[in-house]
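Enquirer: With the sequences and hints as input, model every part of the structure.
Okay, here's what each chain looks like letter by letter:
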Amino acid sequence: MFELTTQNIGTLLLDGSTIFLLIGVLMLSTIMRKRGRQDDKLFFLLVIENMVIAVADIITYLADGKDFPGARFLNMFGVSVFYLVMIMLCMTWEQYATVRFKRSSMKLSKRRKLSFIPGIVMQFILVVNFFVSYVFYRDDSNRFNGLVFAVDRSNGYHYGILFVPMFLVMGFYMVVGFVLVAKYRTGSNKTLIPVWIYFIPLAVGLIVPFVFGGLSLTSIGIAMSMMFTHLGSASEITESVSEGGESA
Amino acid sequence: MSDVGYVSLYVNTVAIMLCLGVHVLVWKFKMKDIREKRVFLYLLGDIVVMSLFYILCTFRDDGVIPCNKLGAMFLETGLEMAINIFALIWFLYVDYRMFHSVGHIKRNAVIIMVPLLLAVLMNIINIPTKFLFDYDMSEMHVVETSFYVFLDVIRLAYFIVSIIILVIRKRKDERMKFFSIGAFIIPSVFYVFLYYFTPFPTVSLGLTIAVTLLYAEMVNEKCYQDEKTGFYNMLYLDYLKKRIAENKYDLRSILMFNVPESEMEKSSPLITKQLPEFCDTIRCGKDKLIILSRVKDKGPLTMLSEDVKMSLEEAGIAVESSFKLKKKNETAESFLEDFMRNA
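Those protein sequences? They're chains A and B, same order as listed.
In the numbering used here, each number is its position in the first sequence, counted from 1, plus 49.
In the numbering used here, each number is its position in the second sequence, counted from 1, plus 9.
Note that these hints are calculated values from the structure, not bench results.
Be a bit skeptical, because a hint or two may be false.
[Unchecked claim] The list that follows gives simulated cross-link-like pairs (lysine to aspartate or glutamate, EDC-like), each with its CA atoms no further than 20 Å apart:
| id | chain 1 | residue 1 | chain 2 | residue 2 |
| --- | --- | --- | --- | --- |
| 1 | A | Lys115 | B | Asp12 |
| 2 | B | Lys318 | B | Glu286 |
| 3 | A | Lys90 | B | Glu329 |
| 4 | A | Lys83 | B | Glu230 |
| 5 | B | Lys41 | B | Glu329 |
| 6 | A | Lys83 | B | Glu226 |
| 7 | B | Lys318 | B | Glu329 |
| 8 | A | Lys83 | B | Asp247 |
| 9 | B | Lys295 | B | Glu270 |
[As the list claims (entries may be wrong)] Each pair of labels, with its calculated beta carbon distance range:
| id | chain 1 | residue 1 | chain 2 | residue 2 | range |
| --- | --- | --- | --- | --- | --- |
| 10 | B | Asp316 | A | Lys90 | 29 to 39 Å |
| 11 | A | Val213 | B | Val198 | 41 to 51 Å |
| 12 | A | Phe261 | B | Asp42 | 41 to 51 Å |
C-beta atoms are modelled at their ideal positions from N, C-alpha and C, and glycine is treated no differently.
Expert: Structural data, given as structure tokens:
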């Protein structure tokens, strides 16, 4: 039977708050998107990806460990979507930092195209993992934990051999993005807005649930980090708008 | 700690993190009006204090921190005070955003402060008398009496009155476009609603999200402002043109001032002080300012132009001025277009 536990309600609360916050930020940053800049478009994409992650997180937490019909499928599906979109978000973040702070064009050089290969390969593996793990479910006779993860017959979660490499791939893009933010902040951003403000919410969101368990702070940690980055750097935008020209 | 305790801890920790992050961003935000910035920071600071009290109260209820009855009452009273103070700071913030005048607040200081003083007094008297609420040490939770509703009424009064005067003001003042009532009300009300129907203290998270969205609007407003002077820019003029075309902006006259570029920043507070309500000042060139106003008679318009000119010349700023009144049979749209063409 489906039962809403206190943890489920807590997850709904936190992930729901993420979506709430992001919708609000999206609606209120319309003027920035009207500039038509590439980094604004990437930020929009980041927000959408973050929302999808929050929804996938809710689905996963509601289905995890439960025995209602379809619970196992929902759990597998929710977790697969979560990781797929997480990888996409990490790659988008790296692109955003490159375009926004390093001021590169969105047009990809050969080297940047190559840097996307680990992310794309990992996403392909996750898609394969979903089908393979769902079919070859883990039970007493079959100890297959999936390529990345598997959900067994009693709706329990198990890590596969590529679980840690997946996090390393995500970490790679995230770290590159933050290094670009730290290195290429210029003008008012460099002197006024500390780099840790972008980094700490994300770190807390990832580390605290991992160490203490309980609720997921991932999506709200990412939301805060992305939001602080984008809104914090908006102080550059009025440098030349008073002349009616394009902003910095 | 119980599951409810963990959720409460996580929710309020998130509220604190979000508040502190926005606090840093606002602190670094280039804002012409330091007073407005300061009040906004006090709002954020109060939410952090509120969240900390919610966490301590959660620890108290779960037995994580040993507490006697007096300690429990003090924690609850501290939380109530933080909520009361938030209501007051919010009211002061709305008042200042609308009128940009400390004088306006001072003139109404008694009316503004009395409800808060009453709420504080009630909280203090409650500690020995328990006429508002008591702490049940056996069940480890707060028990509210029927008089507690008076405390809620006082806080609601601050919010409701601030919303009403904001709604009235928004109809006349275009600058209030950057102060969205919905951005504050929707998250606050929703999370207060959740607080009453779930065991989780979600109020601080709701207020944090609301205040964060207000900050996002501040950033929005900055897109429409000239960084050096704080006057609005051509982007804002484009927005006003749309409003004029929709007959939602009452344009009656336009004043123009040619101020040397080097003196623009210095002239900003001098000009702003002279202007009547509901005027919009736009910097439309390196040395050109236009003021869209609702003054419809030549006499007051001449006086206004002379007052601004005199104020600038007294400060040693050489300025050229001109103005134009909209004709009766002329539309506001064509009036503005003609003016801009000839300017």
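Enquirer: Checking against the hints above, which ones are violated?
Expert: 3, 5 and 10
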